[in-house]
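Q: Build the full structure now, drawing on both the sequences and the hints.
Residue numbers (my numbering), protein chains in the order written: chain A, 98 to 359; chain B, 179 to 474.
Calculated directly from the structure, the hints in this document are not laboratory data.
Fair warning: there could be bad hints in the mix.
[Said to hold, decoys possible] 30 angstroms max Cα-Cα, derived DSBU-like pairs, lysine-lysine:
#1 Lys206/A with Lys218/A
#2 Lys242/B with Lys234/A
#3 Lys199/A with Lys396/B
#4 Lys218/A with Lys234/A
#5 Lys220/B with Lys234/A
#6 Lys218/A with Lys199/A
#7 Lys215/B with Lys234/A
#8 Lys396/B with Lys170/A
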Amino acid sequence: MATALAKAADAGTSVEYAARIEHVSKSFAGPAGQQLVLDDITLDVAPGEFVTLLGASGCGKSTLLNLVAGLDKPSAGGISTDGRPALMFQEHALFPWLTAGKNIELALKLRGVPKSERRDKAEELLELVRLKGAYGKRVHELSGGMRQRVALARALAQDSKLLLMDEPFAALDAITRDVLHDELTRIWRETNLSVLFVTHNVREAVRLAERVVLLSSRPGRIAREWTVDIPQPRRIEDAAVAELSVEITEQLRGEIRRHGQH
Amino acid sequence: MASTETSAVKDGNDLAGLEAGLDALETVQTRRVPFRKTLVEKILPPAVAVLLVLVVWQILVWAKVTDSYKLPAPSAVWDEVREAWLQGTLLDYIWTSVSRGLLGFLMALAIGTPLGLVVARVKFVRAAIGPILSGLQSLPSVAWVPPAVLWLGLNDSMMYAVILLGAVPSIANGLVSGVDQVPPLFLRAGRTLGATGLRGTWHIVVPAALPGYLAGLKQGWAFSWRSLMAAEIIASSPELGIGLGQLLENGRTANSMSMVFLAILLILIVGIAIDLLIFSPLERWVLRSRGLLVKS
Chain A
98 MATALAKAAD AGTSVEYAAR IEHVSKSFAG PAGQQLVLDD ITLDVAPGEF
148 VTLLGASGCG KSTLLNLVAG LDKPSAGGIS TDGRPALMFQ EHALFPWLTA
198 GKNIELALKL RGVPKSERRD KAEELLELVR LKGAYGKRVH ELSGGMRQRV
248 ALARALAQDS KLLLMDEPFA ALDAITRDVL HDELTRIWRE TNLSVLFVTH
298 NVREAVRLAE RVVLLSSRPG RIAREWTVDI PQPRRIEDAA VAELSVEITE
348 QLRGEIRRHG QH
Chain B
179 MASTETSAVK DGNDLAGLEA GLDALETVQT RRVPFRKTLV EKILPPAVAV
229 LLVLVVWQIL VWAKVTDSYK LPAPSAVWDE VREAWLQGTL LDYIWTSVSR
279 GLLGFLMALA IGTPLGLVVA RVKFVRAAIG PILSGLQSLP SVAWVPPAVL
329 WLGLNDSMMY AVILLGAVPS IANGLVSGVD QVPPLFLRAG RTLGATGLRG
379 TWHIVVPAAL PGYLAGLKQG WAFSWRSLMA AEIIASSPEL GIGLGQLLEN
429 GRTANSMSMV FLAILLILIV GIAIDLLIFS PLERWVLRSR GLLVKS
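A: Right, here's the structure in full:
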C-alpha cells in the first residue's frame, strides 16, 4: 500500500514520461540498399509503467531498445528519456573478472557513489534480489538464474528511472524464468521503476506488463496495443493471462502470415 | 486489506524459499585438487622424463658412441656445476643474465603495454604500425645484435636494446589480440553503465583483455631471454661480466664440452623456472578466477 502511494506521489512531481519515442525510424545499409527496420514508432512509457514490446523476429524490437538506450542513433524522429536508462541483456553480461558484489560496485562507482558507501549499497541490492551471501562469488560460480539476478541488481545500481530489458529471461529454463517473473514484478512494485521489456514470448508479455505493444515485422511498426488490467501478482498459468495471450497470439500469427503471402 | 497484506507476505516467503531451492540445486560445487593428485598427475611425469633422458645419456656415454670431448658424461657436467658452485661463480653467472633479462623485460613491459593499447584502440596508428609490429615478431632478434653493437658499443645498453627490440613487439601484439577478443557485449554493457572513453578502457577493456595480455607477456619473456642469450654469445667484452651466454661462448673457445653443456642446461633451467614461477601461476590465477580453466 505504502509503496503504491509513494509511487503516485513521485509520479506527480517528476516528468510525465520515463521515455518518449516520437516518430522514430531506423534503417541500416543492407545488400539491397537501405533497409527500413523501424518505421514511424511513437510510444510513451509513463513513470512507473511496465510496458512490453512484443514481436516476431525481424520486428526490430532489440534495435528500438538500443536506440532508447542511446547505443545507436535513430535515422529519423526523436527519443528522450528521463536520465540515462539501465539496460539488461539476454546474456547476463556480468564481468567475469569481478565478483558479483564488485560488478554492482562498478556500476555504483561509474555513477559517482563515494567509495565508503558502495559496499553497503551493493549488499543492499544483492539482498533485494535475494542473493544475500553472493557478494564474493565469482560469476562462473553462480547459476543462470542467479547471474540474471545479479545483472538485475547491477542495473538497479544505476539508479535509473527506466529499465530496458532485452529478452533477459529467454535463455533460462521455464521454472527459473517463472521465479524471475515473480521477482521482477515484486521489485518493480517496490520501486519507482519504469520498465520497457522486449520479448517474443506472448505469455511472458501478458504475465508482466501493464501494457503490451505488438510490433509488426519488416519494417517494425506498432500494430496494436493492449492494456492488461489483470491484478498483480499474476501467475503465468492464470486463466485471464491465458485468455489475453490467445487473443494476442492470434494477432501476432496474422502479422507473421502476411510475410508468407507475397 | 489485512488479508491481502498477509497473502503478499506469504507469497514473498514462498518465492524466497523457491528461489533458495533453485539456487542450491543449480550451483556447481568447485573443489580444489588434492595435493596427492597434483603430485601424481603433474610432477611425476616430467620427473620421469628427465630421469629417462639422463639414463639414455649415460648409456650413450658407456657405449662410447662418440669421443668424450663431444659427449661428456653426466658426471663430468655435474663436476662442472659443483666446481662453479664451490668457486662461488655459479650464482654470479645466473644472476648476471637473469638480472639483465628481467630488467630488460620490465622495460619492454613499460614500453609494450602503452604501445599495444594505442595500436589496439587508435585506428590510424593500427593501420600505420600494426603490420610492422607483427612483422617484427618473425624477425629473429639475433639480427639486431650487429646494429646494436654499432649504435651503442659493447655495453649493457646494447643488451637492453636487443631485448627491447625482441620483446616489445610480442608484448604489444599480445595486448592487441587480447583487446580484439574482448566480447562486444562487455563493451555495450560497459557503455550502458557509463564506462566510456578512458574509463571504458580502464574498467572494461584492460581487464577483459588481461588473458591475451598475459599470453603476450609470457611470449615476451621467452623473447627477452632468447634475445639476451644471442646478444651475450655474440658480443663479449670483459666489462660485461660473465653471463650464461658468455659462459657458453667461453666453453666453446676453451674446447670444454662439459662447460658448454652446463651453460645450455642453465639457460634452459632459468627459462623454464621463470615461466613456472612467475607466468604460469599468474596465468592460472587469472583464468581460474574467471572460470576459464577447464579441468581435464
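Q: Determine for every hint whether it applies to the structure shown.
A: Hint by hint, here is what the structure shows:
The straight-line distance between the Cα atoms of lysine 206/A and lysine 218/A is roughly 11 angstroms, inside the 30 angstroms bound, and the hint therefore holds. With a CA separation close to 62 angstroms, the supplied pair lysine 242/B and lysine 234/A exceeds the 30 angstroms bound. The hinted pair formed by lysine 199/A and lysine 396/B meets the criterion: a straight-line CA distance of about 28 angstroms does not exceed 30 angstroms. Under the criterion of a C-alpha separation no larger than 30 angstroms, the hint pairing lysine 218/A with lysine 234/A is consistent with the structure, at around 17 angstroms.
Pair hint lysine 220/B plus lysine 234/A holds up; C-alpha atoms about 28 angstroms apart against a cutoff of 30 angstroms. With a CA separation close to 11 angstroms, the supplied pair lysine 218/A and lysine 199/A stays within the 30 angstroms bound. Taking the CA atoms of lysine 215/B and lysine 234/A, the gap is about 26 angstroms. The hint holds against a cut of 30 angstroms. Simply put, lysine 396/B and lysine 170/A have alpha-carbon atoms about 42 angstroms apart, too far for the 30 angstroms limit, and the pair is violated.
Checked against the numbered hints listed earlier, the structure breaks hints 2, 8; every other hint is satisfied.
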